[in-house]
Structure formats: structure tokens, C-alpha cells
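Read top to bottom, the protein sequences are chains A and B.
Residues 1 to 706 (my numbering) are what the first sequence spells out, left to right.
Residues 1001 to 1076 (my numbering) are what the second sequence spells out, left to right.
In short, the hints are calculated from the structure, not lab data.
Note that the structure is predicted; figures quoted are calculated from it, not measured.
Idealized CB from N, CA, C, for every residue including glycine.
There's no promise every hint is true.
With a straight-line Cα cutoff of 30 angstroms, these simulated DSS-like cross-link-like pairs (lysine-lysine) come out [said to hold, decoys possible]:
hint, chain 1, residue 1, chain 2, residue 2
1, A, K136, A, K251
2, B, K1010, A, K262
3, B, K1010, A, K251
4, A, K676, A, K475
5, A, K251, B, K1064
6, A, K562, A, K635
7, B, K1010, A, K379
8, B, K1064, A, K475
Pairwise CB distance ranges, derived in the manner of DEER restraints [unchecked claim]:
hint, chain 1, residue 1, chain 2, residue 2, range
9, A, G85, B, R1076, 43 to 53 angstroms
10, B, E1073, A, N239, 35 to 45 angstroms
11, A, G699, B, E1006, 48 to 58 angstroms
12, B, R1009, A, P201, 30 to 40 angstroms
13, A, A184, B, R1076, 44 to 54 angstroms
14, A, D187, B, S1002, 18 to 28 angstroms
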Amino acid sequence: MQSVPPPPLVAVAGNPNTGKTTLFNALTGARAKVGNYPGVTVERRTATLPTSRGPVELLDVPGCYSLLARTGEEQIALASLAGLGERRPDAVVFCVDATQATRSSYLVLQAQELGLRAIVALTMVDEAGGAAPDAKQLAAELGCEVVPMVAKRGVGVKEIVGAIERALAAGPAEAVQRWTPSPALADAIARVKSALPADWPETDAIALWALMSLDAEDELVGVPESLRRAVAAVGLAPNAVDDEVVHARWKWLDAHVQPLIKRPPDRTRTQRVDRILLHRAGGFAIFVAIMFVVFMSLFAWTAPVIDAIDHSFAWSRAHLHTLLPDGIIGDFLADGVIAGVGSVMVFLPQILLLFFFIGLLEDCGYMARVAFLMDRIMKAMNLHGRAFVPMLSGYACAVPAILATRTMERQRDRLLTMLVVPLMTCSARLPVYTLIIGALFAGSHWTQGFLMVGMYGFSVLTALTAAVVLSRVVKPLRAKRLPFVIELPPYRLPSGRDVLRQMWDRTAMFLREAGTVILGCTIALWALLYFPRELPAGSPDYDVLIQKAPTPEARTALENEKAGAMLANSYGGRLGRAIEPAIAPMGFDWKIGVGVIGAFAAREVFISTMGVVYSVGSDVDEDSPGLRQAMKTAKRADGKPLYTPLVGLCLMIFFALACQCMSTLAVVKRETGGYKWPLFLFAYMTVLAWVVTTAVYQGGRLLGFS
Amino acid sequence: MSTLVETPRKTPVIITAVDGARSFRRRLMEMGLVPGTAIQIIEVAPLGDPLEIEVRTSRLSIRKAEAAQIRVEPRR
């Protein structure tokens, strides 16, 4: 069999905020495939573009200002353009923002030094107006085709396809060097070039890249040690090399591209809006209002939809139980599979909505202003200003919040945010707090309210402390001299298509990759609490008793008692007993242990698990008097009441700190591409929860509370 | 010789050099903050940090500690 050659590869690259994604979407419609670059959580979008020369594979390269790289994620742009480890593209479309043509062209220069065949998409020509350079003159200076475009309205899309066809027909390009290196630099380039690995293109440009990128502080992966040694042996002052090269390129740009721009772009509209939105008082008020809307919509306004999803799945489960005979298959389908699908679906409203808002805020240019306004506060915790929206979303649910960390470009910022977001009081903790506060702190509404607010305050404090501590202690999270350089792009009308595309792409990715893990875990957890489906030896024959029950109430009570006995004897129940010595220092008995294990599916499941444990049925909620009563009357082995206010407080602290949520872990696994970070997250939060809860319980007992 | 952080708001000055960590100074230079370029502070964030700066018709945000690494001289 003859192997079919792959279709030609064309990359789309450019600075951030230059309309790259809009162009990509305009070219490819709804055909994009979203995946990940290996090892890093940077989205890799590809699509097939039909041309007169046959299909072409189009690759969306992450936005960047330069092809030089210091970090793994910056390396992607270079790797996908220069063909280091990735396939080298046959042509590259560079989005050059017509309102900032000089700066955007810097990347084109670098690419041409690498010998790439470049095409320039001159974007935003409508916005630039008279400030846009003449396309013909720019083409003459850059030595490549320049297509003026307004991608949002589809202007220039046909022409760009034509330019791609012509570029592919022209074949490989020659490297274009527009400046002459000094003798010392030329000598260094020659020496490094001979040390390049055999499978890398042996060009001056790659040697120069190595010379400028490799030093003691870079975080690049896949660079051979021999090359590092060759670079280190050159002995040129790194800053001198940087100065020479970057200044030389800018000198060329200032001499050849800048003169084509007849007047500066009109930014009065953006400046006027910024005078309001970045105003000391007014700007902050508007910021709070916008964040309030984002938060309330996640927290409260999705509630009816989430409830509807919950109810429809509960209805399906009940219906399935009536359709199928009692037994393992019916229970598996209803309580394992359907419940598992339901536990994935409940995340959809919040994920869709959060990505809708993020897309909107990002596209219109406000997200950069959020970072600008909040950087001072976030910096104090060694977090990026952009971490604010994910942190805030964490109050609704950690799952969408962790997905939202993608708005940060640096892996380190994303990781740190992911590791502290699960400490925020998510809405799944609320029913647990409500149950405990309602059952054990009966009395004044003031006390109850104070406790609830206290739990929120506690979570803010722990999340912020965790951020500071983790960023000092854990090496990959350490706050090195991380420069904060962000662009405040002009305000632009968001494109509905781009926002909806991104919202859908990311949700689909969640369903495909995290959803399957969550479903699997739900089923595994169900099995843990279901099997071996035997009553312990010496139990009364419940089936006979239920048959003979005099009243429906007695019958239900017996059924609940049987379910409780089965659960206590399940593998999960036995596990609860097995971990009792570990949880006893926190004041918990094995029944709480079973509840904690059950809560791993989702924290609010604690309540229904406790309902079964205390034989009041699984059909309980946080306000059920039966469960509250059962908790109030529960006794320890020595006859003392189990649920004292101290134990209640400890239980709340434990739920606040422990990573009792497999969906969170599944999403962290998906976003970090491995088991290392979810395991770390689980370990540090569990240890933290155990230590703090034990300290509170033992301290409380010393102070005379029981 | 002074640094950008010491210049008053809305006063264009000329960059003479960028100091600091290699990745930071190179990122700024590649964005066009090379010696000879005009730069000015437009606004300070409401909480006192970071700064909004204008350079080559684009608006950027950098922290004060970083602005202290940008050496500038008055416009001739």
C-alpha cells in the first residue's frame, strides 16, 4: 500500500488581539478540531481548508509577540513554525494589525529569517482607516503578499485563500536576513550551528534562537545538553546579543514599515471608555457591578436550570426503577449510569455561561482591564491579575473555574490558580453547611448567619494563604521575576460567532475528556457503596418483616433500615470503618467516614449518604427534619451524643478544606495533562484538612467543649 | 538620567535603556521599547499599581517595579 502524503500545512500566527481567531474561524467555519499540544495545556486548533489545490490543513498558533521562548508554552509558537518536533508548515499566514502594523511585523521578520513562506493578513483595516499602511507598499517592503481584511465581515477571506494557494504553488522560501550580525555574533552563530541536533534544521536562524533562548533560567524542554553546553561556551554577554539582534530588527522596521503609516490610529473612543472604566472610583464601581453579574449568573441564575437537570435525571432514575425488575442491572443503570451522566450534565449550565462571559470580556478587551484593576491585590498572593475571574467563579463551582484558568498564558499562573480555587466555598458545600448549622446550631438566626458568613471568610483566608505558601514552597510554582506586561487592546465589538465557537469548543472538550472520567468515577463510587449487596450475619430477615409490616410507615422505616444495614456492610461502609482510626482525631465516627466517602461523587451527596446511613432514606435534603433529628440523637459507643456543636464545626472545616470532589480532580487532570497535579492537589488539601480539623477538635476538647 | 517610574503622568520621554531580568527586558524590547522610542505614563491603576503606559500607539500595562527598570531621558 502506498502512503498518502499529508495535505499541506498552513499555520495562522500573530500577536494577541490581532483578529487571529476571527480569521481562523472565518476561513474554516465550524470545522475546527480542538486538541492540546503534547505536555502543555495550550489549545491546538486545526481545521481543513478546501482550496483549488486540494485540502490544506490549517493550524492556529497561539498568539505571541516573538518566536523567542523561555517557557514551555512560549516554545510552542516556535516549535510549530520552525518545525522543531512539530511538522514545519509550508506557509504561514501572519495577522498584522493594521492599527499597529510596525509592531505586528516584527514576527514576520523573525519568520522570514527562519526561511518560512509568509503571507500577511492585514487585519482591522476598517478600524485603522487612514492609519493603515498601503497594502502594496507593505508587500513590497516585506517581500510577501499582503491581503487587507475585515475578517469579522468576511472581507478579504477569499483573497487570503488565493494567497495561500499561490504561496503553496511557489514552494519553499529562502531565508531572508535583513540585518548583518557583528563579527563576534556571526562567529558565535557559526559555532552554535555546528552543535545543533541532527534532526533540527541547521540554519543561522535556529542557531541564533538557541543563542538567545538557552541559559541557566530558561524552562525549555527537549533541548539537548550538548547544545546547551555549546551556547554556554560561546561566552558572549546575553544582554549584548539581545540588544544587537532586537535593535537591528527594530531599526529595519522603523526604516521600512513605520514610514508607510501616515498618521496614528484614532484611539479616542477607547480612551474615552477607559477614562470611565479605569476611573479610580467609577471604574471600580463598574468593575464590581460586572463581576456581580458574572457571579450571580453562575451562582444563582443557573440554579433553575441545574435543578431542572437534577430533577429530570432523578425522574429518569425513578422511572427506570419502575420499568426494570429490582436487582443489580436496574440499580446499575439507574443509580450508576444515569446518575453518572447527570453528574456530568449539571456542570454544563455553569461552564457554558462562564465561557460565554469570558469570551465576551476577552473579545471586547475588558479582560485585560480586569487584570489591570486587580493586579495589585492578586500580586500580593503571587497570582496573576487574570486569576481574578477564575477565583471568583470558584464560589459557584471549582470545575468551570479551573477550566477558566486557560485565560492565563503562563503554565505557572494557571497551575497555582487551579490549586487554590478548590478551597473557595463552592455551591456544593452550602447544603452540607446548611444541614450542619440547621441541625446542630439551632437557636438564633444570628449565630447561624454568622457561622455561614464565617465559613465564607474562612475559605477566602485559606485560599489566599495557600496561594502565598504554595508559590513559595513548591518549586514549579515559585514566583520568580515574572514580568507583568500586558497589552490593553482597543475596545472592540465582540463577534458573536467567535464567542459561541469558543464556548462550544471548550464545553465539548470538557464533556469528551473530563466528563468521561467523572462518569467512570461516579459508577465506581456507586459500586463501592453498593456491593457486595449482603446483609451482615445475624441481621433480621428484613424481607419477611417488610411483608408483615402493619402500616406503610413501618414498611418504609424497615426498608430504610435495610438500606442502612446494606450500606454499612458495603465495601464503602467497610472502608469507612477501616479509616475510623484516621478520622477519629477529628471527632468523626465511621458513619461520617461513609458519608465523606460518598461525598467524593459531589459534596452534596454527603446528605443523601447520611440519610441512608441513619436509615431515614436517601430521599432527604438539607432541610429534612428526619435527618436532622437522626443526627441530633446519634450517639457514640460510650453513649455520649456524637454531633456536638464542636463536631459540627469540625465537619464544616473538614468540608471547607478537603478536596472532596472527584470532578475537580478530573478537570485538573485534564487541564494539566497528567496525574501529578491532581494527586498533589488531593494530597495537600487532605493533609491540610486533617491537620486543621484535628487541631480544632483536640483544641476544643482541651478548652472543655465536648 | 532617571527611570520611567519617576516621570510624571502624561509626559512623553525617550527610552535610553531597559534593565532587569533577561526575559523581561527582551519581551519589552521585542514589543518595541528599544532605545530612542518615546514612552509615557498615561494612568496609574486605582490601587496604585500597575501603570498604564503608551508606546508606539499601543497601550501596555506594567508594574511600577518594572517601570523602574526602564531608563529614560527628557525629550529633546
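Checking against the hints above, which ones are violated?
Hints 10, 12, 13 and 14 are the ones this structure does not satisfy, whereas the remaining hints hold.
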